[in-house]
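Participant: The lines below spell out each chain.
Protein chains: 2
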Amino acid sequence: MSLPSKVKIVEVGARDGLQNESTPVSVDVKISLIEKLADAGLPVVEAASFVSPKWVPQMAGSVDVFKGIKQKANVNYPGLVPNIRGLESALESGVKEIAVFAAASESFTQKNINCSIEESINRYTEVIEKALENDLKVRGYVSCTLGCPYEGEIASEKVAEVSKRLSDLGCYEISLGDTIGTGTPIKAKQMIETVAKHIPMPQLAAHFHDTYGQALANLFAVLQLGVSTIDSSVSGLGGCPYAKGATGNVATEDVIYMLNGMGIETGVDLDKLLEAGRFISDQLGRKPNSNVGLARYV
Amino acid sequence: MSLPSKVKIVEVGARDGLQNESTPVSVDVKISLIEKLADAGLPVVEAASFVSPKWVPQMAGSVDVFKGIKQKANVNYPGLVPNIRGLESALESGVKEIAVFAAASESFTQKNINCSIEESINRYTEVIEKALENDLKVRGYVSCTLGCPYEGEIASEKVAEVSKRLSDLGCYEISLGDTIGTGTPIKAKQMIETVAKHIPMPQLAAHFHDTYGQALANLFAVLQLGVSTIDSSVSGLGGCPYAKGATGNVATEDVIYMLNGMGIETGVDLDKLLEAGRFISDQLGRKPNSNVGLARYV
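Each protein sequence line maps, in turn, to chains D and G. Quick note, the first sequence lines up with residues 0 to 297 if you use numbering that gives the first Met the number 0. Quick note, the second sequence lines up with residues 0 to 297 if you use numbering that gives the first Met the number 0.
Next comes chain D alone, as it looks inside the complex:
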């Protein structure tokens, strides 16, 4: 067992999280949340998505969000970019890092972004090229790595193939998403091992959902392989569009609690993080959706 001594947390609540909440929040609330998350010591705070507000009303005002946040020098604030038009908005906002979103499942890609995996990669080729020309860093998401809501099991080889293509296009990090949370520890390990045959481990991130309660166990499993980047969402923001009563993204608070308990450094102040989680939960009119938040406050 070789656990990393440090883990980089990529906080996705303000984008991936809020994007999937039914209650839209104002630009000001988003800015406050992002600043609180950065103040809590999170090194990467995904801040917005440059998609059409026609499709994702929750992400309206992304340019204003970026212009509004007081950026800290040592924090990255990536923005999701679906296409060239999104990249243009991102560049206009002064974004320094973007993320693109692919999937290891054909059916999911069709239903989610209305094209084949091949077409999505082709579309991103131009986006990534232009982003790199503009000195942006590019992160690649691959979803459905441990199961697909339409196809069920997904071959790890397919995950590796899509990941490698994004990596070859210039993504500096590949975030491997268990989009429906059906993964369990051994499968999570096997998937990461397969991808790591093609992409160095330090370039991989685990983006696990807690829908079936498995996320921390899966994270502990892949930490043992040396994975040292974890995506998570403050207060479990986001829920799960495929199981209405259930949790989606693993809560950052629970991840930090586990890492703290194992002496793994993250630089995150759990109390400040809990406050940020409480702030946004209050704004959404619901209880915190992290176990640590519930244990501490409710």
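A portion of the hints provided could be inaccurate.
No copy labels: a pair is met if it fits in one copy or bridges any two.
Okay, derived cross-link-like pairs now, DSS-like style, lysine-lysine, Cα gap no bigger than 30 angstroms in a straight line [to be verified]: (1) K271 <-> K66; (2) K110 <-> K71; (3) K5 <-> K53; (4) K286 <-> K243; (5) K188 <-> K129; (6) K271 <-> K243; (7) K188 <-> K7; (8) K129 <-> K271; (9) K271 <-> K5; (10) K7 <-> K69; (11) K188 <-> K5; (12) K129 <-> K53; (13) K53 <-> K136; (14) K69 <-> K286; (15) K271 <-> K163.
If you're looking for bench data, these hints aren't it; they were derived computationally from the structure. Small disclaimer: the values here were computed from a predicted structure and weren't measured.
Given the coordinates of chain D, work out where chain G should sit on it, guided by the hints.
Facilitator: Positioned in the frame of chain D, the structure of chain G alone reads:
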């Protein structure tokens, strides 16, 4: 990593769970729950506690519960016994297995059962002796193994010492409880490793709480040591008396989901288990408190 190929689940919802629910349920409902759990394939279904109903009104009617359940030949139905009077009720009920309850924390023992650890062991000496004379099996609980609500950290050596004493008195299995759910994977491993220096691994059970969301990660950690008995509570029955908004016992559904995903045999039918969880949650007028139950039903 040497995961066991089979795991024995000790279902504690009908006792440890219901005992900590604020809504008492009738003897008939308890009987139905116990029978549903046994029908789901659980090999051990803790059925009642022979404590005074003056102290624990939720456990009133334990003798009637035992007389009412149609026992399956291949299922154990242990009953908790706090003292000689409890043992007499247990014997009157025809119980074949009892459990006694100690703790690795002095303060917790004082507050919980109003005596020192030493006094509790002395009290159990007579109970266990008499139980063994009557051909009952005896299981020993040790609580606060990964933290105490009053003392904080608990030395694993203390856990090992209390466990060894119960084992020496004749307990065939020692259930190691993370009573407040503050354990994390490495600490859970270290605690089990320490106890396993004194008691063979097949005689140890992990009884972990999910208060901070850590239970499955902790279970995955100790499964890797070869732990092959897990205590859990259908639909997360029980809550946590030390953190009102939080979860207590890890939900059996979530444990089974993880073990199924890893190909570890339990003999439990997840669908029937989910039905049992739904039944008792409906009786208590609340949503299921397992992630799998929420993902499937709500």
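Participant: Tell me, in ascending order, the numbers of any earlier hints that this structure violates.
Facilitator: 2, 3, 5, 8 and 15
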